[in-house]
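Enquirer: Heads up: the protein sequence lines correspond to chains A and B, in order. Counting the first sequence from 1 gives a position; the working numbering is that position plus 3. Counting the second sequence from 1 gives a position; the working numbering is that position plus 3.
Any given hint might turn out to be false.
Put simply, identical chains are the same to the list, so a pair is met inside one copy or across any two.
[Unchecked claim] Taking lysine-lysine pairs in the DSSO-like style, the calculated list, with each CA pair at most 27 Å apart, reads:
id : residue 1 : residue 2
1  : LYS516    : LYS271
2  : LYS402    : LYS466
3  : LYS139    : LYS391
4  : LYS135    : LYS516
5  : LYS391    : LYS402
6  : LYS391    : LYS406
7  : LYS92     : LYS549
For the record, the hints were derived by calculation from the structure and aren't laboratory data.
2 protein chains.
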Amino acid sequence: MKSRPDDTTPGWIEQEPEPFSFRSIFKWGAKDRFKHPSTGFLNIIKQELGLSQADLKSVAHTGNERVGDHQKPGLRPEEIQTFETIVGKDNLFLDTYSRLKYTTGKSMEEIYALRHQTIGQICDVVLHPRNKQDIKRIVSFCHEKKIPVHVYGGGSSVTLGLRCLKGGVTLVMSTHMNRRVAFNETNQTITVEPGMMGPDYEALLNRAPEELGAENRYTGGHFPQSFEFSSVGGWVAALGSGQASSYYGDACDLVISQEYVTPTGSFKTHDFPATATGPKLNDIMKGSEGCFGVLVGVTLKIFPFYPEAANPFAFMFPDLQSGIRAARQISQAGYGMPSVLRLSDPEETDVAMKMYGLEGGLPDRFMRLKGMNPGSRCLLMGQTEGEKAFSDTVFRQIKKTGKSCQGLYLTGYPMKKWQKGRFSDPYMRDALNDFGILIDTLEASVTWEDLSNLHSQVRAYIKGHTHTICMTHASHFYAQGTNLYFIFITRMDDPDRFIRFQRGIIEKILENKGSLSHHHGVGKMMGPYMEAHLGTVQMDVLRAIKRHFDPHGIMNPGGLGL
Amino acid sequence: MKSRPDDTTPGWIEQEPEPFSFRSIFKWGAKDRFKHPSTGFLNIIKQELGLSQADLKSVAHTGNERVGDHQKPGLRPEEIQTFETIVGKDNLFLDTYSRLKYTTGKSMEEIYALRHQTIGQICDVVLHPRNKQDIKRIVSFCHEKKIPVHVYGGGSSVTLGLRCLKGGVTLVMSTHMNRRVAFNETNQTITVEPGMMGPDYEALLNRAPEELGAENRYTGGHFPQSFEFSSVGGWVAALGSGQASSYYGDACDLVISQEYVTPTGSFKTHDFPATATGPKLNDIMKGSEGCFGVLVGVTLKIFPFYPEAANPFAFMFPDLQSGIRAARQISQAGYGMPSVLRLSDPEETDVAMKMYGLEGGLPDRFMRLKGMNPGSRCLLMGQTEGEKAFSDTVFRQIKKTGKSCQGLYLTGYPMKKWQKGRFSDPYMRDALNDFGILIDTLEASVTWEDLSNLHSQVRAYIKGHTHTICMTHASHFYAQGTNLYFIFITRMDDPDRFIRFQRGIIEKILENKGSLSHHHGVGKMMGPYMEAHLGTVQMDVLRAIKRHFDPHGIMNPGGLGL
Numbered sequence: 004m005k006s007r008p009d010d011t012t013p014g015w016i017e018q019e020p021e022p023f024s025f026r027s028i029f030k031w032g033a034k035d036r037f038k039h040p041s042t043g044f045l046n047i048i049k050q051e052l053g054l055s056q057a058d059l060k061s062v063a064h065t066g067n068e069r070v071g072d073h074q075k076p077g078l079r080p081e082e083i084q085t086f087e088t089i090v091g092k093d094n095l096f097l098d099t100y101s102r103l104k105y106t107t108g109k110s111m112e113e114i115y116a117l118r119h120q121t122i123g124q125i126c127d128v129v130l131h132p133r134n135k136q137d138i139k140r141i142v143s144f145c146h147e148k149k150i151p152v153h154v155y156g157g158g159s160s161v162t163l164g165l166r167c168l169k170g171g172v173t174l175v176m177s178t179h180m181n182r183r184v185a186f187n188e189t190n191q192t193i194t195v196e197p198g199m200m201g202p203d204y205e206a207l208l209n210r211a212p213e214e215l216g217a218e219n220r221y222t223g224g225h226f227p228q229s230f231e232f233s234s235v236g237g238w239v240a241a242l243g244s245g246q247a248s249s250y251y252g253d254a255c256d257l258v259i260s261q262e263y264v265t266p267t268g269s270f271k272t273h274d275f276p277a278t279a280t281g282p283k284l285n286d287i288m289k290g291s292e293g294c295f296g297v298l299v300g301v302t303l304k305i306f307p308f309y310p311e312a313a314n315p316f317a318f319m320f321p322d323l324q325s326g327i328r329a330a331r332q333i334s335q336a337g338y339g340m341p342s343v344l345r346l347s348d349p350e351e352t353d354v355a356m357k358m359y360g361l362e363g364g365l366p367d368r369f370m371r372l373k374g375m376n377p378g379s380r381c382l383l384m385g386q387t388e389g390e391k392a393f394s395d396t397v398f399r400q401i402k403k404t405g406k407s408c409q410g411l412y413l414t415g416y417p418m419k420k421w422q423k424g425r426f427s428d429p430y431m432r433d434a435l436n437d438f439g440i441l442i443d444t445l446e447a448s449v450t451w452e453d454l455s456n457l458h459s460q461v462r463a464y465i466k467g468h469t470h471t472i473c474m475t476h477a478s479h480f481y482a483q484g485t486n487l488y489f490i491f492i493t494r495m496d497d498p499d500r501f502i503r504f505q506r507g508i509i510e511k512i513l514e515n516k517g518s519l520s521h522h523h524g525v526g527k528m529m530g531p532y533m534e535a536h537l538g539t540v541q542m543d544v545l546r547a548i549k550r551h552f553d554p555h556g557i558m559n560p561g562g563l564g565l
Numbered sequence: 004m005k006s007r008p009d010d011t012t013p014g015w016i017e018q019e020p021e022p023f024s025f026r027s028i029f030k031w032g033a034k035d036r037f038k039h040p041s042t043g044f045l046n047i048i049k050q051e052l053g054l055s056q057a058d059l060k061s062v063a064h065t066g067n068e069r070v071g072d073h074q075k076p077g078l079r080p081e082e083i084q085t086f087e088t089i090v091g092k093d094n095l096f097l098d099t100y101s102r103l104k105y106t107t108g109k110s111m112e113e114i115y116a117l118r119h120q121t122i123g124q125i126c127d128v129v130l131h132p133r134n135k136q137d138i139k140r141i142v143s144f145c146h147e148k149k150i151p152v153h154v155y156g157g158g159s160s161v162t163l164g165l166r167c168l169k170g171g172v173t174l175v176m177s178t179h180m181n182r183r184v185a186f187n188e189t190n191q192t193i194t195v196e197p198g199m200m201g202p203d204y205e206a207l208l209n210r211a212p213e214e215l216g217a218e219n220r221y222t223g224g225h226f227p228q229s230f231e232f233s234s235v236g237g238w239v240a241a242l243g244s245g246q247a248s249s250y251y252g253d254a255c256d257l258v259i260s261q262e263y264v265t266p267t268g269s270f271k272t273h274d275f276p277a278t279a280t281g282p283k284l285n286d287i288m289k290g291s292e293g294c295f296g297v298l299v300g301v302t303l304k305i306f307p308f309y310p311e312a313a314n315p316f317a318f319m320f321p322d323l324q325s326g327i328r329a330a331r332q333i334s335q336a337g338y339g340m341p342s343v344l345r346l347s348d349p350e351e352t353d354v355a356m357k358m359y360g361l362e363g364g365l366p367d368r369f370m371r372l373k374g375m376n377p378g379s380r381c382l383l384m385g386q387t388e389g390e391k392a393f394s395d396t397v398f399r400q401i402k403k404t405g406k407s408c409q410g411l412y413l414t415g416y417p418m419k420k421w422q423k424g425r426f427s428d429p430y431m432r433d434a435l436n437d438f439g440i441l442i443d444t445l446e447a448s449v450t451w452e453d454l455s456n457l458h459s460q461v462r463a464y465i466k467g468h469t470h471t472i473c474m475t476h477a478s479h480f481y482a483q484g485t486n487l488y489f490i491f492i493t494r495m496d497d498p499d500r501f502i503r504f505q506r507g508i509i510e511k512i513l514e515n516k517g518s519l520s521h522h523h524g525v526g527k528m529m530g531p532y533m534e535a536h537l538g539t540v541q542m543d544v545l546r547a548i549k550r551h552f553d554p555h556g557i558m559n560p561g562g563l564g565l
């Protein structure tokens, strides 16, 4: 492994992972893209984590070892033969590498394991279905033979969503099932197969006149941080939220109709804009994480694309409480929502000031004069979008609200800086991990009433682990509340210790009236907490629906805690 | 029965119904309020229905006969004794009048039956539970003894929602369970018992500073036509939509959390603003029409109340297509939605012109000069609401859209006329029915793409019945489509013939890609169509949930077609 050791920066690895290596599985995103912390951010990390330059010189556990082909699939030869008959020889993989790759998401826990060349519970066979018919035959056969079925979309799960607790089949949707099915400009909807990836989806809509013969350009309005490596089906199956959700809605708000292949039949909903025909069947399936059936088609709302109408903005507030007050007023006033809105707590604000090169400059000095000091000041930034008159009105009103809550308007500069890095930041994790520095995140939704307490309690728990950075922001806003997103950075060598620490944070979130998940989903990480969180009577409803669709329990066993 | 016969107007009944009469049950609204058609509207009716003055002189079947106490309850004495022990003697009624009253909604079919003194399938006993504990004990006992349980909210169902196919108990929620449980201004939510009536709910929020010690005034934003006689629980249980839903959302959008008493336990959801913890449990219960359990508490979103920011508007369009184009552009542009938006088809527009006194006047002549003639012109009207800057922006943009689609701006005058009558129009039905003139409505949601065809096909079917008025409007708007609301007026003496005609309209709606219901709900009227409409695989999911909550099938048997 080549590196560039010198006295001031660590030897960041900027080479593609070895083919068929563990690293090639866990590395975020494109194999030839890298990002490492800025000097400013690195200095904070060194200081807070108590690291010397010496600590940052050696790269241990790169995971660049090749995955050995040691694991025999636990299926019978005739079962494998049946799968081959269904999807064709080219779309079936039995090698350990493929099976490990499509069983692994991007949680810190999984990355940790792969760096240590640990192969846990993986699927027996990877299939790349070509179409709905393939999936019908696969699910039907698996139902008959009681073989577990799992679905791989973009692979960006951070909740052990892809883990195969009982072996079985994993279906990779992005290989073939990534096509546009229908575009309906009159209804402002598009129907796609679930394996279409975020950037392809968005590009298709942005270029609707050229690609689809449309009159206007559109946007899907859904930009999770994993956008570049997430699939449309994954957004719906795990109830994601995009960074612009405060205006466009969460993934669940975007769905108009869906089709699923389940062990007990093909489930399909109508595309009515609204109905009063009993509990909404669409809603029973959204967020089912492959536990009821396989999503094979989805119709989504699309929105007119007005990039020129975007107004970025940012404010500094003297403290978290005034920032919360402003964010709540913006969310409750009724003048329309900004697309992006992000409120950083003091620790994250201090990091942002350094990352965006604002610390120590003229704006910083002005802030301090105004009593906005490191350790207490809070950054609120965002962007208004939509039709120009709407976007401009919301922008004007937000500026009034910000100022009335003691905010100092900082222009759109910090927001533009954030936008540049927003999809590439996950690359930094690999760089830090190379030096044994863990960076992970947990998130929860919370009402306005419980927000401050949740923040302070969870933060206290995280900071109780010495030499740990804890940056927190709220980034998805509703009139009734928001979410909290905790980013924690620490040095920890023992995977088990890390898992205990991380599970401790989850428990602290639940104790303090945070939801188990705002937009990361459930997977097998949050699954064990579901019953306690929702309550047994409520969890029993999910179990009843599960039993109905999947009486043999083959659909993503352990997902959603089912 | 006193009446005022003369040569030009029929002898409208303007006396309170006799106590304990059939009429006292079916008469809309307050017993001492009446409304009859304007001379202009009556002339249209006479002309279209081919009625002479002679036809409008005698009042047949007023239903003012007293309900006899002939029906013995089908429960055992010891069962009745148990109910009495639970709710107390004062809250239990066994007389036929009470049992008929609380088993009857406001469908034309039910009114017809009562006018003819027909008592169909009614409950055995009426209970007025005092609190959640009462309901727990009632549901538990009924589950054990397999006694059907029904819930009566405001009684405004037009889908046979209250009919008791197998006798049993009806719980009246508005008597005691009409209290505020909690108000949370920080979260902009209120928690109420389901029996609170619409006007009480709205008044409480409008007067939040005085009543609740709040900083600001609020609105619930939910104003169905039945507002004055509908309950909050009914809005949620049957998925209603208010006349301002295009901005505030439908009932299902307003719910934050709920509590139900079911045969298998008390079901309660969290009040998080959003979650990604699997399929949303809230959504599984909304619209369940008492088939899974009894709603005992609901937390709803509230909105800042800015009555001074409302901007009413109206346009005339030369034809339906240009009106649809404008409404679609308004709904899809992304500049924010008006609260109220109503597009009338030509027949309804012609009636509105007469009702609002516009026909023949200067505006009418100007319209005709502009090529906007009776028989083709269409009225689009509405109102923007919300925070002032938002409301003004939406208003300005709507005016631009209207004009760009060939609309003639008519000021807010027609909208103000409509607002005056919007809650009292249902009173007119009784007046017309007194002369054997039927007026009924059916409604469906539909995508923009299917809108014109649904309108023309259903209208053709209705008009195929000679001497029938058919007025249609769209009144709830979404980027993906709208609803159609068909009002039909005809003379028909035979109840069975009417039911065949009405069911024929439902079938025509379904054939032409309308939904079975947009906001009226399902009840026992639409229930039999549910499986064909949703498809068996989909209906089976509702059946599975039903079995889970209610294994003995006691909760509102036949509701939702379950």
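Enquirer: Which numbered hints does this structure break?
Expert: 2, 3 and 7
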